[in-house]
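Enquirer: Top to bottom, those sequences are chains R and C.
Using the numbering used here, you'd call the opening residue of the first sequence number 1 and step up by one each time.
Using the numbering used here, you'd call the opening residue of the second sequence number 1 and step up by one each time.
Read the hints as simulated data drawn from the structure, not as lab findings.
Some hints here could point you the wrong way.
Unchecked claim - Derived pair list, reagent style DSS-like, types lysine-lysine, alpha-carbon separation capped at 27 Å:
no., chain 1, residue 1, chain 2, residue 2
1, R, K101, R, K19
2, C, K58, C, K314
3, R, K42, R, K81
4, R, K168, R, K94
5, R, K175, R, K211
6, R, K94, R, K19
7, C, K467, R, K161
8, C, K440, C, K411
9, R, K101, C, K471
10, C, K217, C, K402
11, R, K161, C, K466
12, C, K439, C, K406
13, C, K185, C, K217
14, C, K372, R, K101
15, R, K81, R, K101
16, R, K94, R, K83
17, C, K34, R, K168
18, C, K217, C, K466
19, R, K69, R, K168
20, R, K170, R, K138
21, C, K372, C, K411
22, R, K101, C, K466
23, C, K201, R, K101
24, C, K406, C, K371
25, R, K101, C, K402
26, C, K372, C, K402
27, R, K211, R, K83
28, R, K94, R, K81
29, R, K83, R, K101
30, R, K101, C, K439
31, R, K161, C, K471
32, R, K168, R, K101
33, R, K170, C, K439
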Amino acid sequence: MILDELKQAVMDGDSDQVKELCQKVLDEHLNPVEAVEQGLIKGIEEIGRLWTEGEMFLPDVMMGADSLKIGLDILGAELSKAKAAAGDTTSKGKIVIGTVKGDIHDIGKNIVSAMMTAAGLDVYDIGFDQGAEVFADKAEAIGADIIGASALLTTTMSEQKELVEYLKSKGLRSKYKVIIGGGPTTQGWADEIGADGWAETANDAVTLCYKLL
Amino acid sequence: MKALDEEDLRQIHETSLRLLQEVGIEIEYGPAVKALEDAGMRAKGQRVFFDPSYVEKKVAQAPHDFTLYARDPRHNVHIGGDDVAFVPGYGAPFVIEAGGTRRPSTWEDYLKLLKVAHTCADLDLSGGMLVEPNDLDDRTRYLDALYAHIRYSTKVPMGSSYGVPGARDTVELLAPVFGGEEALKEKPVVITLINTISPLKLDARQTSAMMEYARWKQAMVIASLVMAGSTGPATLAGALALQNAEVLAGITLAQTVNPGTPVVYGSASSITDMHTGSVSVANAESALMNVATAQLARFYGLPSRAGGGLTDSKGVDGQAGYESCLMLMSPVTAGINFILHTAGILQYWLCMSFEKFIMDVEIAGMLRRFKKSIDVNENSLALDVIKHVGPGGHFLTQVHTKQNHKTEMRKPMLSDRQSFEGWAKTRLSTEAQATALWKKTLDAYQDPGLDESQQKQMLSYIESRKKEILK
Chain R
1 MILDELKQAV MDGDSDQVKE LCQKVLDEHL NPVEAVEQGL IKGIEEIGRL
51 WTEGEMFLPD VMMGADSLKI GLDILGAELS KAKAAAGDTT SKGKIVIGTV
101 KGDIHDIGKN IVSAMMTAAG LDVYDIGFDQ GAEVFADKAE AIGADIIGAS
151 ALLTTTMSEQ KELVEYLKSK GLRSKYKVII GGGPTTQGWA DEIGADGWAE
201 TANDAVTLCY KLL
Chain C
1 MKALDEEDLR QIHETSLRLL QEVGIEIEYG PAVKALEDAG MRAKGQRVFF
51 DPSYVEKKVA QAPHDFTLYA RDPRHNVHIG GDDVAFVPGY GAPFVIEAGG
101 TRRPSTWEDY LKLLKVAHTC ADLDLSGGML VEPNDLDDRT RYLDALYAHI
151 RYSTKVPMGS SYGVPGARDT VELLAPVFGG EEALKEKPVV ITLINTISPL
201 KLDARQTSAM MEYARWKQAM VIASLVMAGS TGPATLAGAL ALQNAEVLAG
251 ITLAQTVNPG TPVVYGSASS ITDMHTGSVS VANAESALMN VATAQLARFY
301 GLPSRAGGGL TDSKGVDGQA GYESCLMLMS PVTAGINFIL HTAGILQYWL
351 CMSFEKFIMD VEIAGMLRRF KKSIDVNENS LALDVIKHVG PGGHFLTQVH
401 TKQNHKTEMR KPMLSDRQSF EGWAKTRLST EAQATALWKK TLDAYQDPGL
451 DESQQKQMLS YIESRKKEIL K
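Excised from the complex, chain R in its bound form (with noise of 0.2 Å):
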């Protein structure tokens, strides 16, 4: 059964097993809405079940996300045309995520990157010395309701300000909620600069990604 198989080859992070099968459902003309909800979305649904209980690991988390979007990918246009003529057309938000400039370390981000995914959000992720000008492109590219900034060091905190301040006078900062995170970055300094939220983990960002939408 091709929808046992696609859960199965997320839960394994199997991405050229998800190829192959996403490829296979275009070819026969199975029902693409289908293979994702019924298929992919459900390999990683088990996958966050089983990171939960402590049976999954990071990696799993991570390799499950990686071969959940190659999934959506190939299946995109199929997708988006059933659920139009469905008259379906909800996403459950999007983010702009990225490391902030001047700041090389993206592990943090892209495990958050991966749990949002796992998640069920949209995660557009833009890469690690990012100035505040590429995360606002994008955003508005792509329509986001959420951009996260991620910093690890003390001396890169303030471009999370710079984000914050660069949104303000571009009249954008209404449009977007802005969230923050990273080992020296507290509650506190994002309520300073003006953040509408900071996590600590990556489990509580997608809490405060939920929270905000």
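Using the hints provided, position chain C relative to the given structure of chain R.
Expert: For chain C alone, coordinates are given in the frame of chain R:
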């Protein structure tokens, strides 16, 4: 203690050389790439591919050991051989107060810690950025921080790794106190922490600082922090091979700039908590990497840095105690020479605690005694006094006891050895005892003073630099 045999060391060494040659190191600082290209290395953009024989030749030019010269010669520190230097915690942006409140660290914390570090005999250096003074401008706080070390302590300080300006200002501030810039080149008076970025990168800020310090022949710890499982492979052998490649690249660059520059082979390698992705700095695996680091450094004939009073705990509790002891004892027993983060650290390297600081100094004191091992000679074997006391007697009133116990047995400063009844009168926790003790230590601080004209000279230099930087 050993974690690797000769064959293991050789294999790690060869894997590191292959990484350096086949994958190369991404160096985000043009002048460093150029210096290595001029020395015959192949480069492609920022990626430098190291020739193994060149790496071996350069690493061999670094001194086996060296002395750091302090303002008070009694605090000179020998780095290398069988010696171990205990150095306070470094760079935490938070303080956790007794009772568990976490808050951003301040300049006031910094000055208190500096005075406590100066006063604690078991700490060999006064340290570096003891905590981040969040209330000072982050562009110039390194100037205030270094000035405070020289003004309030006569132990060897650590320098700023904040690019060429940070290194240059460190040298400019120290030179007048130590007989001028040329004198500095003969005698290292400061040691600076230079970190690689794992995997396989050197950033511009620290690399440029490293090259500047090398020009002045000032000492550096060149350290890699591989997090096994995330920024490095999950297997410890692979993590060590990666760490080794990065450190060798850094040392090769320093020796290319100025052969003979004193460097310490450094490791802050640790593991990733595979459930959350957070770093874990205190565990059996990290302890093994401390031991392996001592062996790798000896393999290259270099002094070594690893370990510390490290813990993942968020409070001064049982976890903080057992983890810190493991992470201090493993490097000491393996022969590590420089233990940064000896005192004060909580929650990875993120937090400083005054209470933990005192607890860790107690552990360091015990380990210093432990390292001295058991002295066996005619006097210590005590045959005569045992004969004299004979079966069923006691040794408390023997001259031999009175003469020897103070040097043989270390008196604890924190550990509670009272009877239950004695302890039960106050029932103080370790944390509460430590609060009293750090306050007492701070009260006991004696200002070593600094020549007025030198103070003025330094302060006016700092003032003019601040104007330039903040304009």
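Enquirer: Which hints, by number, does the structure contradict?
Expert: Violated hints (numbers, rising): 1, 2, 10, 14, 15, 17, 19, 25, 29, 30 and 33; every other hint is consistent with the structure.
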